[in-house]
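Taken in order, these protein sequences are the chains called A and B. When we follow this note's numbering, the leftmost residue of the first sequence carries the number 1150, and every step to the right adds one. When we follow this note's numbering, the leftmost residue of the second sequence carries the number 1150, and every step to the right adds one.
Don't take each hint at face value.
Because identical chains cannot be distinguished in the list, a pair is counted as satisfied if it fits within a single copy or across any two copies.
To be verified - Computed list of lysine-lysine pairs in DSS-like fashion (alpha-carbon distance at most 30 Å, straight line):
1. 1333 with 1514
2. 1265 with 1224
3. 1290 with 1197
4. 1461 with 1197
5. 1445 with 1612
6. 1287 with 1265
7. 1265 with 1194
8. 1160 with 1224
In case anyone wonders, no lab produced these hints; they're calculated from the structure.
2 protein chains.
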Amino acid sequence: MSKSEIKLYYKNVMADVIGDEHGITALQLEDLGDRTSPLIARLNKERKAGKTPYRDLPYRTETAGRVKELVAEVKDGCEILVVLGIGGSALGNIAVQTALNPYMYNLDESQRDGPKMFVFDNVDPAQFASFLNWAGDKLDKTIFNVISKSGRTAETASQLMIIRELLGPDRFHKQVVATTDTEKGTLRAIADDADLQTLEVPDGVGGRFTVLSAVGLFSAAMCGIDIDALLAGAADMDKRVSREDFVENPAAINAAINHHFYNRGKRNSVIMPYSYALKDMADWYRQLWAESLGKKLDLNGREVRVGPTPIKALGTTDQHSQVQLYREGPNDKLFTFLQVEDFDNDRTIGPAPDCAAELEFLAGKNLSTLLNDEKRATEYALLHDERPCLTVLFDQVNEYTAGQFIYFFEVTTSLVGALFNINPYDQPAVELGKEATFALMGRTGDYKPECSYEQFADKIRAKTDVDQGYLA
Amino acid sequence: MSKSEIKLYYKNVMADVIGDEHGITALQLEDLGDRTSPLIARLNKERKAGKTPYRDLPYRTETAGRVKELVAEVKDGCEILVVLGIGGSALGNIAVQTALNPYMYNLDESQRDGPKMFVFDNVDPAQFASFLNWAGDKLDKTIFNVISKSGRTAETASQLMIIRELLGPDRFHKQVVATTDTEKGTLRAIADDADLQTLEVPDGVGGRFTVLSAVGLFSAAMCGIDIDALLAGAADMDKRVSREDFVENPAAINAAINHHFYNRGKRNSVIMPYSYALKDMADWYRQLWAESLGKKLDLNGREVRVGPTPIKALGTTDQHSQVQLYREGPNDKLFTFLQVEDFDNDRTIGPAPDCAAELEFLAGKNLSTLLNDEKRATEYALLHDERPCLTVLFDQVNEYTAGQFIYFFEVTTSLVGALFNINPYDQPAVELGKEATFALMGRTGDYKPECSYEQFADKIRAKTDVDQGYLA
């Protein structure tokens, strides 16, 4: 296991590089430090008071132990692992799998140490039917990891009810692992009733901060990922992001720079990995950022709505799709590149055909050289148009650096929340849509004191039924 | 083949629904019509003058004929199809494949009528190595479709050089299909030299508008997709989007509404399919929108930078990731949902466990009902916070409706370009990055009259080399 560290590189947001109109001056950076340092101290205090239990996940060795024990029990003979979960119960699992297992993991037995792995974080009927048609008899050799704190999420509950009918009671008992609350809730009741194997969704940790708990660790360990190294990386980063000296704390610098640019009209935050492996970390980050920071706040009696919009891009692919806009369109974006120094597998570009001497300069170079030169070239082009660029540098993508990255962005998020003076741990605005789904799907009884679910459903239909007058 | 039509539903952007501050009044809509109608006429005139050849792609029956002929020749015995291309030479291929073939296409022989299919639109060494390790002996049964108008795109050229060395001259000749310019350029020279099978990248059509040419059609036809129906759908949409009466023209309405909201500060355009199949259409749209509309323009001597930022989301998945921000964050987004009425494969939700009576209301419902009710619920929640919402309605996702959708958004893009008074067909801002890559990779000679590639490379390194003082 490599002990390499990820680093944040932030020179290319500075006024020295991109000019005074868009860049941060040395004085401004000092200011940012002065404002952010006390917040690091506040976060450290809150953490000690047990208010942010996600901070302690890297040290929960008993969780890792329980996960590994369960994996040892069920992995043998398991050919397919299906994760049923959505949002925070899926995005971390997907991100870790894409980061740490080969691209052809599901297609190539020789490239995997574990079952084929699927995450269904949607209820698309065609997608799920395609999977079930393929699975057929192999369903006997499938473990379903159902993940939900409450068990009442409509998507996950529906999937569970389909699987339960399909498997029948015996196989349901044997083949389902429930990751849920230890004591209460619908999925806990179902798990107890069917005597399922269970794992814990920790208390007080919002879904988007749970990847380093059993939520993310079980599927990872099933697929041959070294979860101890993942946690060790996170713990290592914990030391760095707890430092109260601003310039020594990468999360504080990252948070301050992000907050600064948001307030200066750069409300879009583009994350752009130059590594296929890190592509789904961008989706994980999208949730973390959007749900934590998209909030209403009261500013002396005035309601203000804040929240940077996270945008996922992928290098080099999106150079040929988004960079025209990124360079020449509005200067309303902060760019965060993820860059990897060493790739496990490299490939040398072959000789140029005689008839195409103009390609000669590429011959004999490594693909990794091309990929990283493309990153430099794109960054250079963006700097040319005064667009601020951050880079997170990875020596390698492995369990240890992935764990660091996750923890780094989690604490960055907490700090940006503190800078906005909002609560980054709730998500009040998702409730209305959830209740509306319940109403439309036929739930009965009281939705509110003055309104039944039936009445609520009528109200929703009135707004969303198609009015032929506005159809073209 | 179903003859169903896709429709644009636009009531939920109106002031009647979301209020006067954010919505469009009836009077404003009339105004938009008055401004847009002449532009439809202008586009129709330009098209007749041969200035927008992409408009005629649906009628090029000789292209479809040539593609089918070539497929008949090479499909037999082909187990793997690899597309090597990037940007417009990849995103359409991926979008069509995801839309029209089953989720498990590559993993399940019984669910496919064609070879396994991969598109490499990146130069990630680990990803490509993983594929090549798996392919091994199966490389003999692989067709590589290399797509590039010029052949000088660094990514595609490098992949081609790797493949050429790997296959050796005989197999290179037999197993590579080049989609390129008919007469000039690097890939044309390589194709002629090795006597490859070739297909045409049409003249005067930018990459992002080529999916309905041989660029997109060959991989589609190889994988069992009915390309005639795809073109017929596009041709059908052509009639509708050529109508000079604003209220009868869905692309004009869509363009006018998008342009209006951009000017009213809603600079982010979120496209959110409620269909896994349509998920990659959102990526295709991202390129179309960003490269076409992200432009500098001269407004009476003042330089203005315009361009909505296209954002991809997926329902229901992103309800649990982005909707908190979409509802409670800044009101700076226009939402476009894609909604599907009928799914080929549906699935009924099983009974609720006795211990979980609170889930009873879901039992016996179809997954498609849940998916579409979630869309309504999310839309309702967004309308509640005065966010404008458009919906593109599909009866089904099939070749015919996919063709309509593609053409609908292409012409919408042309019209938004006309409303912004920019050229939507060029992409001047991508050149600097391309040249910078060439310089860093060691190209020699003159980059500009006053600067060699070597000097240019030094300049780029000076800006992008890591300065230890800004590393945390």
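Verification of the hints:
no., hint, verdict
1, 1333 with 1514, "between (58 Å within a copy, 26 Å between copies)"
2, 1265 with 1224, "both (11 Å within a copy, 28 Å between copies)"
3, 1290 with 1197, "neither (44 Å within a copy, 61 Å between copies)"
4, 1461 with 1197, "neither (34 Å within a copy, 39 Å between copies)"
5, 1445 with 1612, "within (24 Å within a copy, 39 Å between copies)"
6, 1287 with 1265, "both (11 Å within a copy, 21 Å between copies)"
7, 1265 with 1194, "neither (43 Å within a copy, 55 Å between copies)"
8, 1160 with 1224, "neither (47 Å within a copy, 52 Å between copies)"
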